[in-house]
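Chains as they are written, first to last, in our numbering: chain A, 24 to 409; chain B, -8 to 275; chain C, 9 to 279.
Heads up, none of these hints are tricks.
What follows is a set of in silico ranges between Cβ atoms, one per label pair, in the way DEER data are often shown:
{"#": "1", "chain 1": "C", "residue 1": "262", "chain 2": "B", "residue 2": "176", "range": "36 to 46 angstroms"}
{"#": "2", "chain 1": "A", "residue 1": "182", "chain 2": "B", "residue 2": "31", "range": "17 to 27 angstroms"}
{"#": "3", "chain 1": "C", "residue 1": "271", "chain 2": "A", "residue 2": "302", "range": "50 to 60 angstroms"}
Everything labelled a hint here was simulated from the structure, so no lab data went into it.
The model shown is predicted, which means the values in this text are computed figures rather than measured ones.
All residues carry an ideal CB built from backbone N, CA and C; glycine is no exception.
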Amino acid sequence: MTDRKDFLTREKFMEELYRYKKGSVTRRHFLGVTGLGLATSVLGSAVPGLRGAAFAQGSIGDRVVLATWPNYHDPANFEAFTAATGAAVDMNVFGSNEEMLAKLQAGGSGWDIVVATNYAIPTYVETGLIEPLDLSRIPNFDPSAYDPRFASPGVIEGKTYGIPRNLGTTGYCINTADLEGGATPTTWKEYWDLTRGALSGRVIVHDYQLTAIGNALKYFGYSFNSVDPAELAEAEKLLIEAKPHLFAITSDYQPSMRSGDAAMSMCWTGDAVQLQRDIPEIAYVLGKEGGELWSDFFTVPASAPHKDAAYALINFLLDPQIGAKEQAFHGYPTGDSRVDALMPEEVLKDPVLYPAAELLSALEFGAAVTLTDPTRAEIMARFKAA
Amino acid sequence: MQRQGLRTWLFLAPAGAWFLCMLVLPLIVVFVFAFGERGAAGGYVPAFTFENFANLGARWTAFQNTMILAPVGTLACLLIAYPLAYFLALRASVRWRTLLLILVIVPFWTSILIRSYAWIYLLGGQGIPSLVKAMGLGSIRLINTPFSVLVGIVYGYLPLMVFPIYVALERLDKRLLEASSDLGSPPWRSFLQVTLPLSMPGVATGCMLVFILLMGEFLIPALLGGGKVFFIGNALVDLFLQSRNWPFGAAVAVALVLVMLVTVAAYLRFTRRWAGGRDDVSLM
Amino acid sequence: MRIYALAVYLFLYIPIGVIALFSFNAGRHAAQFQGFSAQWYGKALSNPFVVDAFQTSLIVALTSAVLATLFGTMAAMALQSVKGRLRVAFDALIYIAVMVPGIVIGIATLIALVTLFDWLNPLLAAVWPLAEGAPQLSLGYGSLIAAHGLFAMALVIIIVRARMAGMDRSLVEASADLGATPWGTFRQVTLPQIFPGILAGFLLAFTFSFDDFIIAFFVAGSQTTLPVYVFSSIRRGVTPEINAIGTMVLAVSLLMLVTAQAILQRGRKAG
Chain A
24 MTDRKDFLTR EKFMEELYRY KKGSVTRRHF LGVTGLGLAT SVLGSAVPGL
74 RGAAFAQGSI GDRVVLATWP NYHDPANFEA FTAATGAAVD MNVFGSNEEM
124 LAKLQAGGSG WDIVVATNYA IPTYVETGLI EPLDLSRIPN FDPSAYDPRF
174 ASPGVIEGKT YGIPRNLGTT GYCINTADLE GGATPTTWKE YWDLTRGALS
224 GRVIVHDYQL TAIGNALKYF GYSFNSVDPA ELAEAEKLLI EAKPHLFAIT
274 SDYQPSMRSG DAAMSMCWTG DAVQLQRDIP EIAYVLGKEG GELWSDFFTV
324 PASAPHKDAA YALINFLLDP QIGAKEQAFH GYPTGDSRVD ALMPEEVLKD
374 PVLYPAAELL SALEFGAAVT LTDPTRAEIM ARFKAA
Chain B
-8 MQRQGLRTWL FLAPAGAWFL CMLVLPLIVV FVFAFGERGA AGGYVPAFTF
42 ENFANLGARW TAFQNTMILA PVGTLACLLI AYPLAYFLAL RASVRWRTLL
92 LILVIVPFWT SILIRSYAWI YLLGGQGIPS LVKAMGLGSI RLINTPFSVL
142 VGIVYGYLPL MVFPIYVALE RLDKRLLEAS SDLGSPPWRS FLQVTLPLSM
192 PGVATGCMLV FILLMGEFLI PALLGGGKVF FIGNALVDLF LQSRNWPFGA
242 AVAVALVLVM LVTVAAYLRF TRRWAGGRDD VSLM
Chain C
9 MRIYALAVYL FLYIPIGVIA LFSFNAGRHA AQFQGFSAQW YGKALSNPFV
59 VDAFQTSLIV ALTSAVLATL FGTMAAMALQ SVKGRLRVAF DALIYIAVMV
109 PGIVIGIATL IALVTLFDWL NPLLAAVWPL AEGAPQLSLG YGSLIAAHGL
159 FAMALVIIIV RARMAGMDRS LVEASADLGA TPWGTFRQVT LPQIFPGILA
209 GFLLAFTFSF DDFIIAFFVA GSQTTLPVYV FSSIRRGVTP EINAIGTMVL
259 AVSLLMLVTA QAILQRGRKA G
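Bound-form chain A, shown alone:
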């Protein structure tokens, strides 16, 4: 593959990988020998001559484009990747899987990696928008390090389409300073009542049908995933009633929560961690009625123009050291036991990240049907246009 001495051949690489998997060499040895992981990034940035050549596969091109979520990546890790490989990273940020799907369907998105949520993967596979992954190109991926509950949605009919990225829950964050002494709420019912009451004008709802409608359904105690027309009609009524009391409909709520414009917002775990870091008064509430439990996956679209770079970046981000840095930045658990081993104990005990069992058992994974259900799509559109 290359005549340079400091690179492994593909055969040697696979042999090392095999040895590592068998457990006959340590991870550190494996990473050291293969030149992957942190060693790569340090070397790559220290020795400019290595730029663009640090990956054994040879040149991976000069760029890679991700479709992903707000506040979900540590820019420093991307910079390290660029320093190591010469490929610059660009992100297109979206507020919902529906938006990503629409852009993919309209053709020519130009994305190399799509960070998709569990419930979107079956549709992507059915419509041929993503392709099965070549796991030999992602040596840092170790399926046995993941809880099957979170990793299995990435596997369809025995083929791996998605590599687990992060997992978390969808609850809401509330700035308790704005409650003026009132007790911190614990349910979705209180979220919607506060919206139309004490916190009117200062509440944010996701621009995302799954969570906006799902958590409105929870007000009535229905399933988060319901596609029953009668139940959805009730949820729509609640949403439309709440609309005049909202501050905004957006999935990027951190700026408004930070500036104090908003007092309460539907919220993903990591965002709550990031907010709490700077504003300790912000509490994260998992509604007692339930709500969403999710896992996100790296997927590679069939139309990806820079597949080599896509594989290299996924592999890079799966390095446990990098994974730990990512989690330190964005707060979302990776679900990777190798990363957990590197996390400080207080993180592993954080009730926001690892909720109590009785709260967790009430949660539901998003169902694939909600992604394409025309009624839910139309209710969301009507809610926004109301």
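Knowing the structure of chain A, use the given hints to seat chains B and C on it.
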């Protein structure tokens, strides 16, 4: 004569072909799609149904917002632009006039996106409202309201209104004003009876330009309305880029184009009569 | 009156001042000023996505403006001698092109082209004689240029036609009487008279394309124009890099404006 005809055809052919392929055909496709059905995962499936048009009522609020904020925004632009254009054309010294005019367009040369984004900051909690609070005038909310969208509109489209009015005023025969004042009219009467009527063509052109652009506006409400002030343009983007309902989106697009054509035709008729049958009320 | 004008200018320039000020922010947050630094300019200029988006915008704007100006001027000239139904049809097309909102043009072009490509690509693959596989038609430069050029061409026709209406026809007749060829007449008599209109049309066409977001948002496919890039950056959470881009675009625009003004001025003096 034959050669002349051939040349005319050759000269018209590229423009004609371009109009045909990129305007007429796509609009026909939109029209046809408006009678179709949404596919299982979104998109379009051929069908013949009027259901999409029957559902238009579900976007009534967006139509209403557009039909209110587009004229109000146009009017606000006019009220702010007219005195400025008047000052530039009739009061500013000739030496400074060109520079001052250029200064009106310069903001127009940065992306409207970046300019609107500046307003997100200025109108957000840490901007003007925090100033107002510091002055002890209570707390106000500006961002994500119709007002913030209106500010964005005026800011974005002011130059488009200033220029046609300036041109009309600049062309105005100054002797008419002198005559009026010699005949003993007070300045306000000269303004009402001479200046204002003669600047009407410019006013009509400016209003037309701004109004047309506002009817299809998407960015300003998206950035400064926070999903709370929705225009038809936003509803359209939503239908294509989120709920993936192409046929319904096509029906909304058809409705928007029809509303515009009717409004603009009525407006042209009205302004022509108003401007005393003059024919120089045009788009440019 | 003067105070009023000053107030309007302040209204116009305060947001721009804010953008420019924050482009020199040392910190990464857009909302808090943490000291003076020009680092974001360096970052923006060395960011391949910014450079690429700028390049794409420039190519699209130049190509569409050149084509629109050429075809638009040709059509405007030909339309002078056209009457009857053809004239009515063209007037209607120009009217519609200007009237239909950009958002509808964007959506219409998107769905028409995506449908056409879905239908053509398998056909193309079936008849392709070579082994390597047929090229896939997709959205990109072509669709961007075609969609931007459409509106621009309508603008050029309107402007050039207005200019021609004010032109002295007797000069053309005199030139023909003196034995000049039609081409000679065009070059020496017509062109100098309508040139300011053509230039104005070209500049407007260029500006329109360079600044357009909504049409590009739909038809750009995997290409990214500068406004599309800026839009996705704003959504991603703003760093002063965007302010730096905005300030640079403004500076470049100003430079072009001054150059254009200088050219016009010289042209006027020479004429």
